[in-house]
Amino acid sequence: MSDSTTDAETPTPYVESPIIMTTVRIITPFVFTFGLFVMFHGADSSGGGFQGGVIVGTVVLMLGMAFGIETTRSWVGPKLPVGLVGSGVLAFILIGIGPVLLGGTFLEYHTYGIYHATKYGIELVELGIGLIVSGIVTGLFFVISSGMGDNGGETA
Amino acid sequence: MNEILEIALLVFVVASALVTALLRDVLGSIIAFSAYSLGISIVWVFLRAPDVGLTEAAVGAGVITVLFLLTIAKTVRPTGDRTLERVNPGALVITIALVAVLSMTVFALPPVGASDSAVVTDDVTEYYLQNAYTETEVHNAVTAVLAAYRGFDTLGEAVVVYSAGVGILLVLHKEVFE
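Here the protein sequences line up with chains A and B, keeping their order.
All residue numbers for the first sequence refer to my numbering, where the first residue is 8 and numbers rise by one.
All residue numbers for the second sequence refer to my numbering, where the first residue is 268 and numbers rise by one.
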């Protein structure tokens with residue numbers, strides 16, 4: 008939106024380095040998989056939604072560093088981070104309130120009556136936290152790289 | 268062997284913290300801060316808190332460094348050829364006094380891994396360790412506490428992260444992260 012005007016004055020710190028691009032292209036799938044592993048496996052080993060969400064968010068940061076932040080921003084789209092954060096909070100609240108509607112207390116998973124309800128409930132909650140954190144991490148990255156909006160305040 | 272490693276690690280952490288505070292060049296300071304975070308995350312692993320270590324490595328050494336670098340890309344470097352920041356003597360005295368007072372509490376802490384520390388003998392800890400698996404069916408007691416026993420707290424934390432994002436968007440006059 009305001010990028011075309013600010014770019015002319017302050018160029019983004021982007022160097023088209025083939026080494027960084029190749030490295031990122033190779034390690035990105037592994038980092039993403041590791042992030043998902045940490046997120047889903049947090050119930051049984053160290054890790055969890057927060058750590059996994061940050062690692063998944065790091066993938067977008069690496070892509071931004073390698074292929075240019077503007078390119079990555081237009082590839083991800085402006086609404087995805089907001090959607091991730093919102094749906095994460097919503098998922099957590101809905102999972103928590105579900106048992107209340109069924110006559111239990113907040114987050115009392117076993118009132119769902121599903122086999123292993125507590126285990127799956129905890130993993131869903133972790134997934135929700137992961138969505139929130141990865142959305143915020145990528146969102147902060149994009150917001151800080153683009154700076155202030157031009158519809159108010161002074162420009163940096 | 269383990270002790271030598273721990274001492275070397277602590278020296279490294281304190282040294283990189285001092286370098287972070289004293290370097291005049293902000294880029295160098297950020298790199299030193301990243302090294303500090305990495306050192307601290309290994310300290311957490313030594314203290315048997317891999318969850319916290321993982322968070323520190325991912326957030327402190329990874330994401331925060333990138334966000335700081337993005338921020339200084341939009342600012343100017345300080346002029347002049349001094350490498351280190353000038354230290355205000357009054358502030359230095361107060362800081363050392365504060366650190367000394369706070370360090371007194373270190374001697375009240377039980378040794379790492381002590382069997383009679385409050386963390387180990389406390390009833391709540393005992394309850395979680397005894398019942399976490401049978402009641403929540405997850406092996407990691409930390410996750411059981413976070414997402415089941417104290418899930419309402421965790422919802423609050425998640426909403427805090429959400430609110431931080433909303434707050435930044437409001438401050439920057441934006442509707443989406445772009």
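In short, the hints are calculated from the structure, not lab data.
Please read all numbers here as calculations on a predicted model, not as lab measurements.
Treat the hints with caution; some may be incorrect.
[Stated by the list, open to error] Mimicking EDC-like on lysine to aspartate or glutamate, the simulated pairs with C-alpha atoms at most 20 angstroms apart in a straight line are:
{"id": "1", "chain 1": "A", "residue 1": "K126", "chain 2": "B", "residue 2": "D318"}
{"id": "2", "chain 1": "B", "residue 1": "K341", "chain 2": "B", "residue 2": "E402"}
{"id": "3", "chain 1": "A", "residue 1": "K126", "chain 2": "B", "residue 2": "D292"}
{"id": "4", "chain 1": "A", "residue 1": "K126", "chain 2": "B", "residue 2": "D420"}
{"id": "5", "chain 1": "A", "residue 1": "K86", "chain 2": "B", "residue 2": "E404"}
{"id": "6", "chain 1": "A", "residue 1": "K126", "chain 2": "B", "residue 2": "E402"}
{"id": "7", "chain 1": "B", "residue 1": "K341", "chain 2": "A", "residue 2": "E77"}
[Said to hold, decoys possible] Covered stretches of chain B, going by a simulated chain A footprint (3 or more residues, C-beta under 8 angstroms):
{"id": "8", "segment": "271-283"}
{"id": "9", "segment": "378-388"}
{"id": "10", "segment": "412-420"}
{"id": "11", "segment": "437-445"}
Cβ coordinates follow ideal geometry from the N, Cα and C atoms, glycine included.
Per the coverage rule (Cβ-Cβ under 8 angstroms, at least three residues), is the segment 437-445 of chain B covered by chain A? Per the Cβ count (6), the hint holds.
Compare the distance between the alpha carbons of K126/A and D420/B with 20 angstroms, and conclude whether the hinted pair is satisfied. Holds. K126/A to D420/B sits at ~18 angstroms (cutoff 20 angstroms).
With a cut-off of 20 angstroms on the C-alpha distance, tell me whether K126/A and E402/B pass. holds, 9 angstroms
Would you mind confirming whether the straight-line C-alpha gap from K341/B to E77/A stays at or under 20 angstroms? holds, 15 angstroms
K86/A and E404/B were given as a pair; does the straight-line alpha-carbon distance stay at or below 20 angstroms? Violated, at about 36 angstroms.
Quickly compare the C-alpha distance for K126/A and D318/B to 20 angstroms and report which way the hint goes. Holds - the C-alpha atoms of D318/B and K126/A are around 19 angstroms apart, at most 20 angstroms.
Mind taking a look at whether chain A covers the segment 412-420 of chain B? Criterion is 3 or more residues with CB to CB distance under 8 angstroms. holds (count 5)
Check whether the Cα positions of K126/A and D292/B lie no farther apart than 20 angstroms. Status violated; Cα separation ~49 angstroms.
Are 3 or more residues of the segment 271-283 of chain B near chain A, judged by a Cβ distance of less than 8 angstroms? violated (count 0)
Below or equal to 20 angstroms on CA atoms is what counts here, so check K341/B against E402/B. violated, 51 angstroms
Can you confirm whether chain A covers the segment 378-388 of chain B, using C-beta to C-beta distances below 8 angstroms and requiring at least three such residues? violated (count 0)
Going down the numbered hints, you'll see the structure goes against 2, 3, 5, 8 and 9, while the others check out.
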